[in-house]
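Student: Sequence:
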Amino acid sequence: MRLSEYFLPLLRENPSEAQIVSHRLMLRAGMIRQSSAGIYSWLPLGLRVLKNVERIVREEQDRAGAQEILMPTIQPAELWRESGRYDDYGKEMLRIRDRHDREMLYGPTNEEQITEIVRASIQSYRDLPKLLYHIQWKFRDEVRPRFGVMRGREFLMKDAYSFDLDAAGARHSYNKMFVAYLRTFARMGLKAIPMRADTGPIGGDLSHEFIILADTGESDVHVHTDFLETDWQGFDIASWEAPALQQVVDHYTAIYAATDDVHDPQTAAKYGNKIVSRRGIEVGQVFYFGDKYSRPMGAVVAGPDGESVALEMGSYGIGVSRLVGALIEANHDAAGIIWPKSVAPFRVGLINLRAADARCRTAADELYGKLRNAGVEVLYDDRDESPGAKFATMDLIGLPKQIVIGPRGLAAGTVEVKNRRSGERQDLGIDAALAHLAAPHPLPLPASGEREGPA
1 MRLSEYFLPL LRENPSEAQI VSHRLMLRAG MIRQSSAGIY SWLPLGLRVL KNVERIVREE
61 QDRAGAQEIL MPTIQPAELW RESGRYDDYG KEMLRIRDRH DREMLYGPTN EEQITEIVRA
121 SIQSYRDLPK LLYHIQWKFR DEVRPRFGVM RGREFLMKDA YSFDLDAAGA RHSYNKMFVA
181 YLRTFARMGL KAIPMRADTG PIGGDLSHEF IILADTGESD VHVHTDFLET DWQGFDIASW
241 EAPALQQVVD HYTAIYAATD DVHDPQTAAK YGNKIVSRRG IEVGQVFYFG DKYSRPMGAV
301 VAGPDGESVA LEMGSYGIGV SRLVGALIEA NHDAAGIIWP KSVAPFRVGL INLRAADARC
361 RTAADELYGK LRNAGVEVLY DDRDESPGAK FATMDLIGLP KQIVIGPRGL AAGTVEVKNR
421 RSGERQDLGI DAALAHLAAP HPLPLPASGE REGPA
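If you're matching positions, the sequence shown starts at 1 in the working numbering and goes up one per residue.
Some hints here could point you the wrong way.
Unchecked claim - Here are the simulated lysine-lysine pairs, DSBU-like style, with alpha carbons at most 30 Å apart:
no., residue 1, residue 2
1, Lys341, Lys191
2, Lys270, Lys341
3, Lys51, Lys341
4, Lys138, Lys91
5, Lys341, Lys138
6, Lys274, Lys51
7, Lys191, Lys91
8, Lys51, Lys138
9, Lys274, Lys370
10, Lys341, Lys370
11, Lys130, Lys51
12, Lys270, Lys51
The hints are simulated quantities; they were obtained by calculation from the structure and are not laboratory data.
Turn these sequences into a full structure, and let the hints steer you where they fit.
Tutor: And the structure:
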């Protein structure tokens, strides 16, 4: 994509309404635009990141054996009355009436809707287990929406729901999602620590939140220092069988980590100064709540002996749109965003320092075409702007690699390749730069030369 044609409304100054880094940078980088309090339009750059996050979430749900469906945003109130939550949920639920005066609601979550679907479709234990998920927009009328997409009223969520015959099967489903979450966040380069958590309005007696530690976090958390030293990027599993999954879950839950709601100071005191208190950002939560919804809503099946058995259920959420903000909180510097490669809107930013120079323009156009033909997503800054403005733009939007083409480098037969995260710069021949960037796993850079253009 040529930047001269791209819709990227950058802001030079920090917006006064933005209180945290991710909100400021998403507005400055032209990723989002506020529609009303807590509700945002996603512009092209932001939407590309959102879709990449969604893709990783979807791939790991599929890998864990979950099946994707799509449920509506608008739900009938009677379903929530069956579960007993309609009057209890609170003012966060947006209640509406259609033209026939039927009570409806904009779904804040989907336990009732999915239970109705399953109870109408599954009658025998032979049809179990089932693990279903969807990725859908939700609405919760927060009293104080703030921090951009981190605490908005409208947001994109992944919700999965498990249905099993007994507690042992339900625990296996819970463990599948627990491990799928570890894989999901590791693929995004995030250190998301599983912590014991309160079940809140979802209910149940077993829950873990996945928390990213950040100074701008929304809540207090308490965590053993062993978690701070964990190499999350190397996380993987050998098997999805029950014993292997239980071993992984046992390992991570044996290390003390708890949100403030369930923190036990007496237990934490046993670890001495190994427990540290930090601020955290929740990016996902898993729940096991048994028959809390299935029993009152009549989601029962015929068991092996012919008896009626209420389904054992679990619920598993990931804040897809919230993750974009959390990723920025965990990956930025004074110049702007630093995207992990797995979620970056483009892999490479190509900068032509002298758009009016015919030789630079020809070389940049040719390299742009070769990168695209090699399947590399590239944003080409072909604008007639100063070199400083172009460097500032690329650093702000945070693409993993930058290629700089200028007269001095071309005279020497080289272009400059910059690693946005490390700041490392190398002068390479054009073919070598192309081979490096087009490789599925980028090749090591050769020895460096001088940098092209101003600092």
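Student: Now, for every hint given, state plainly whether the structure supports it.
Tutor: Verification of the supplied hints:
{"no.": "1", "hint": "Lys341 to Lys191", "result": "holds (16 Å)"}
{"no.": "2", "hint": "Lys270 to Lys341", "result": "violated (40 Å)"}
{"no.": "3", "hint": "Lys51 to Lys341", "result": "holds (14 Å)"}
{"no.": "4", "hint": "Lys138 to Lys91", "result": "holds (15 Å)"}
{"no.": "5", "hint": "Lys341 to Lys138", "result": "holds (28 Å)"}
{"no.": "6", "hint": "Lys274 to Lys51", "result": "violated (38 Å)"}
{"no.": "7", "hint": "Lys191 to Lys91", "result": "violated (33 Å)"}
{"no.": "8", "hint": "Lys51 to Lys138", "result": "holds (17 Å)"}
{"no.": "9", "hint": "Lys274 to Lys370", "result": "violated (52 Å)"}
{"no.": "10", "hint": "Lys341 to Lys370", "result": "holds (20 Å)"}
{"no.": "11", "hint": "Lys130 to Lys51", "result": "holds (26 Å)"}
{"no.": "12", "hint": "Lys270 to Lys51", "result": "violated (44 Å)"}
Of the numbered hints given earlier, the model fails hints 2, 6, 7, 9 and 12; all others are met.
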